[in-house]
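All chains, please: the whole structure from these sequences, using the hints.
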Amino acid sequence: MAGEVSGRGWKQERSRKSSMTNSKSTTWEEKMAEKERLKKAKALGNELKAIQEAEKEKKREARAQKLKKREESMLARGELVKKNVKNKKVKLSIAKRRRMKQYAKAINSVEWAK
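UniProt numbering applies: residue 1 is where the sequence shown begins, and numbers increase by one.
Fair warning: there could be bad hints in the mix.
[As the list claims (entries may be wrong)] Distance ranges between label pairs, derived from CB positions:
1) S109 <-> V85: 21 to 31 Å
2) G9 <-> L44: 46 to 56 Å
3) A50 <-> K105: 25 to 35 Å
4) E34 <-> E72: 50 to 60 Å
5) L48 <-> L92: 30 to 40 Å
6) K49 <-> I107: 18 to 28 Å
7) G9 <-> E53: 58 to 68 Å
Keep in mind the hints are simulated off the structure, nothing from the lab.
A quick note: this is a predicted structure, and the numbers were derived from the prediction, not measured.
Ideal Cβ placement from N, Cα and C applies to all residues, glycine included.
As structure tokens, then:
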């Protein structure tokens, strides 16, 4: 019984490593069959990954085309003038002008509605 000497009765009995039984090894055919099964599973996984990557790339291309088309149409309408502004005050003034333009449009539309 475990724990008789140490005084710890909750300890489990352990079997010696030398007395542990080994399971029978598999045959060569079983090993080759398992190897083939794993190879097929890996190939299928790689195929699925390739399909997913292709779909992602397709979506990425579509998104890029859509963005490019949108920018071209905005340039054609004269709405988009690309500026790389880093100064915070300049950015705020540009935003203020945009708000004022929107406000003016809203007022004009109300006046025309009367």
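### Task
With respect to the beta-carbon atoms only, verify the hint that L48 and L92 lie 30 to 40 Å apart.
Since L48 and L92 have Cβ atoms about 50 Å apart, the given range 30 to 40 Å is violated.
### Query
Does 25 to 35 Å hold as the CB distance between A50 and K105, or does it fail?
Violated, since A50 and K105 (Cβ atoms, about 50 Å apart) do not stay within the stated range.
### Query
If you check the beta carbons of K49 and I107, does the distance land in 18 to 28 Å?
Given about 57 Å between the Cβ atoms, the range is violated.
### Message
Verify the CB-CB distance for E34 and E72 against the hinted window 50 to 60 Å.
### Response
Hint holds: Cβ distance 57 Å, inside 50 to 60 Å.
### Query
Within 46 to 56 Å or not, the Cβ separation of G9 and L44?
holds, 53 Å
### G9 versus E53 beta-carbon gap, inside 58 to 68 Å or not
At roughly 59 Å between Cβ atoms, E53 and G9 fall inside 58 to 68 Å, so the hint holds.
### Query
How does the Cβ-Cβ distance of S109 and V85 compare with 21 to 31 Å: does it lie in that range?
Holds, at about 29 Å.
Of the hints listed earlier, those the structure fails to meet are numbers 3, 5 and 6, in rising order.
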